[in-house]
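Q: If you read the protein sequences in the order shown, they are chains A and B.
What the first sequence shows, in UniProt numbering, is residues 1 to 396, in sequence order.
What the second sequence shows, in UniProt numbering, is residues 1 to 396, in sequence order.
Derived from the structure by calculation, the hints contain no laboratory data.
Note that beta-carbon positions come from the ideal geometry of N, C-alpha and C, so glycine has one too.
Warning: the hint list may mix true and false statements.
If you want a taste of the chain A side facing chain B, the calculated C-beta under 7 Å gives, among others [as the list claims (entries may be wrong)]: (1) V140; (2) A200; (3) I203; (4) A212; (5) V237; (6) M240; (7) R266; (8) T323.
Protein chains: 2
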Amino acid sequence: MAASGAAPAETPTVEAVARGEADRPHSAVVRFGADTPLRLDAGGVLTSFQVAYQTYGMLNAARSNAILICHALSGDQHAANVNPVTGKPGWWETLIGPGKPIDTGRFFVICSNVLGGCMGTTGPSSTAPGGRPYGLELPVVTIRDMVRAQAMLVDHLGIEKLLAVVGGSMGGMQVLQWAASYPERVFAAFPMASAARHSAQNIGLHEVGRQAIMADPDWRGGRYLEEGTSPRRGLAVARMAAHITYMSEASLHRKFGRRLQEREDRTFSFDADFQVESYLRHQGEAFVDRFDANSYLYVTRAMDYFDLAADYGGVLANAFKGTRTRFCVVSFTSDWLFPTSGSRAIVHALNAAGAPVSFAEIESDKGHDAFLLEEPELFAITRGFLDSAARTLGVS
Amino acid sequence: MAASGAAPAETPTVEAVARGEADRPHSAVVRFGADTPLRLDAGGVLTSFQVAYQTYGMLNAARSNAILICHALSGDQHAANVNPVTGKPGWWETLIGPGKPIDTGRFFVICSNVLGGCMGTTGPSSTAPGGRPYGLELPVVTIRDMVRAQAMLVDHLGIEKLLAVVGGSMGGMQVLQWAASYPERVFAAFPMASAARHSAQNIGLHEVGRQAIMADPDWRGGRYLEEGTSPRRGLAVARMAAHITYMSEASLHRKFGRRLQEREDRTFSFDADFQVESYLRHQGEAFVDRFDANSYLYVTRAMDYFDLAADYGGVLANAFKGTRTRFCVVSFTSDWLFPTSGSRAIVHALNAAGAPVSFAEIESDKGHDAFLLEEPELFAITRGFLDSAARTLGVS
Chain A
1 MAASGAAPAE TPTVEAVARG EADRPHSAVV RFGADTPLRL DAGGVLTSFQ
51 VAYQTYGMLN AARSNAILIC HALSGDQHAA NVNPVTGKPG WWETLIGPGK
101 PIDTGRFFVI CSNVLGGCMG TTGPSSTAPG GRPYGLELPV VTIRDMVRAQ
151 AMLVDHLGIE KLLAVVGGSM GGMQVLQWAA SYPERVFAAF PMASAARHSA
201 QNIGLHEVGR QAIMADPDWR GGRYLEEGTS PRRGLAVARM AAHITYMSEA
251 SLHRKFGRRL QEREDRTFSF DADFQVESYL RHQGEAFVDR FDANSYLYVT
301 RAMDYFDLAA DYGGVLANAF KGTRTRFCVV SFTSDWLFPT SGSRAIVHAL
351 NAAGAPVSFA EIESDKGHDA FLLEEPELFA ITRGFLDSAA RTLGVS
Chain B
1 MAASGAAPAE TPTVEAVARG EADRPHSAVV RFGADTPLRL DAGGVLTSFQ
51 VAYQTYGMLN AARSNAILIC HALSGDQHAA NVNPVTGKPG WWETLIGPGK
101 PIDTGRFFVI CSNVLGGCMG TTGPSSTAPG GRPYGLELPV VTIRDMVRAQ
151 AMLVDHLGIE KLLAVVGGSM GGMQVLQWAA SYPERVFAAF PMASAARHSA
201 QNIGLHEVGR QAIMADPDWR GGRYLEEGTS PRRGLAVARM AAHITYMSEA
251 SLHRKFGRRL QEREDRTFSF DADFQVESYL RHQGEAFVDR FDANSYLYVT
301 RAMDYFDLAA DYGGVLANAF KGTRTRFCVV SFTSDWLFPT SGSRAIVHAL
351 NAAGAPVSFA EIESDKGHDA FLLEEPELFA ITRGFLDSAA RTLGVS
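With the sequences and hints as input, model every part of the structure.
A: So this is what it looks like as structure tokens:
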């Protein structure tokens, strides 16, 4: 009743909460030790690392109803629960939940933070065995390394075969890598808004973001966590640049046009006169609170290095040779970051490999982000594809 | 013959040469004083400013063969001569010269540095009346202000009416502004790869560049010239980001693909493994040597503010009401920065205004930069349009 004498607990900042996730996340964690080393494409081995993950729904007795969700560059394992850092809904709650296209009343859904991330799976902001954060001493990781770590998690959960692996953008790259590396463990694969290799344009866009981060003197050669600084401005610029690429000209025009931000007329200054400027600045700042700058370097680099055909003699079809996995490939008409041509190349390779594949280019003006948004056609396709897979496997 | 005792003169750096251009350029300069003030859209007046310009060819006795060239964001007045800063050919030597589509054997060609620029026309790096560089104390300028200054230059040269005004990208914006502000002074107008207003996407892209510059601590609130610093890293990031938008995915793929830069395999690091990274880093660094960071802020802002219809009751056709100027409008299929839809909007407005206009969408995979490159169809159209205008005016 009366005011207590104790000082009120200070609410930690979003940034502070995010920092805490690296080693002690608000998620289930599985730790791997020297007995289960992770061999990396860069050479070398991780002998002590962890994977943070969320699950939704129940694994059935036959262990046949598991669906693995792979997240994109700026995503995390909180696909269908409130994000503990931002307090916002999970990034794929449009698609995942009871009665939704990825129906958690029926399926056991798993989503783990990628290797190199900052939400509890080992990444550059994790504490290294020596007691300091890894920083750039963590070896550069690849999409294949991420998938290897996920396979170890799936082993740990006692699941031999996944009903489906599903993901968009970088998540789609992981889906393709799963189908190539572990064909017998993937019954159905669903890459959307993705590609089997990162394009020159996209490598260039990533390089701009990395240079923005590394140009920030507060980056301190990657040692900012120990030095108590934060390359906020560089990371914000990287995010602003990237955010434009996730939308389409049409969606930016519809959302903002040339409307001014809470003012009657131009100020003839470098203030954020236009709503689109104000929006992008906000996107940059919000991202900095929740995402680690070095993780941004690592995860973009993993995407740059992704070129599935290169591991199979330069012929993408060879990555899927003899596969019995069924595929569904989706692209969006206004996605200029991962255009339909990239999805078509996947479909052609699957056709050449004789794999069953359906393909849809969905009409949308929402750009690359369409896969995260309300897209009824995507929902219908996802539901249909997973229903059919479940029926075939006898999952009720 | 024998070595002289004097120390050899040091070759000044490209950056030092560029700095010298702001006040004392390697170009003709016309100075305007208090008797010819320049009223700015931002309010206020410039009572002392200068315009630096180049001319090519000879003005005929009737003064009827003058063509004004308007340059783009990163351009300057050195359209058809060796650039005194970089030592490279002029940026439009593809199009301008003896016997070329803009034939300097026949036409008197004028190109001036824009207001807000850094190559001799008054801009933020120019010395203000108080003796210090303007920095951000120069009022923000608009495309219309740039055109007002150009009109004063054209007056100074004793030219009443221009045979043609020609420009691409931001140069095309100036062409449209000329046609709207001074219809009786423009016989033929040729905007290419341009738009009558800057789109939300393009404002966003500019804002990223500005934030990159202003995030650089060496920017010093715009006072870097006096403080002896230079926001090189910020400006380089801005240029890298912009450079990607000037190309197309196809041209980046053709030029670089996923080829590695002078190495056999990926280094698994954040080095510039890929040629496209190395190229972009080089573009960023080369730009910083020749361009002023504050000018980048001013000139991008002028483009953002450009919305020709807004000055005419929101109806673009009204900007051209009753005009007798003839127009040629050109766009390029792979230009996603200034897509054909923007050129079409200009053409529709000209149609509505009853103005004579021809329009060509040129098939090219070179992106926005196509207007600066070897494009035979563009050359043929330019030659044809200018020939016809010259013939009509009796210019031999």
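Q: Run every hint past the structure and note whether it holds.
A: We went through each hint and held it up to the structure:
With a least beta-carbon distance of about 4 Å to chain B, the hint placing A:V140 at the interface is held under the 7 Å criterion. Given the 7 Å rule on beta carbons, the hint for A:A200 holds: about 4 Å separates it from the nearest Cβ of chain B. About 5 Å separates the beta-carbon of A:I203 from the nearest beta-carbon of chain B, less than 7 Å, and the hint is met. At its closest, the beta carbon of A:A212 sits 5 Å from a beta carbon of chain B; the interface hint therefore holds under the 7 Å criterion.
Because the closest C-beta pair between A:V237 and chain B is about 5 Å apart, less than 7 Å, the hint holds. For the restraint placing A:M240 at the interface with chain B, the shortest Cβ-Cβ distance is roughly 5 Å, inside the 7 Å limit, so the hint holds. Among the interface hints, the one on A:R266 holds; its C-beta lies about 6 Å from the nearest C-beta in chain B, closer than the 7 Å criterion. With a cut of 7 Å, the hint placing A:T323 at the interface with chain B is violated, because the nearest CB-to-CB distance is about 24 Å.
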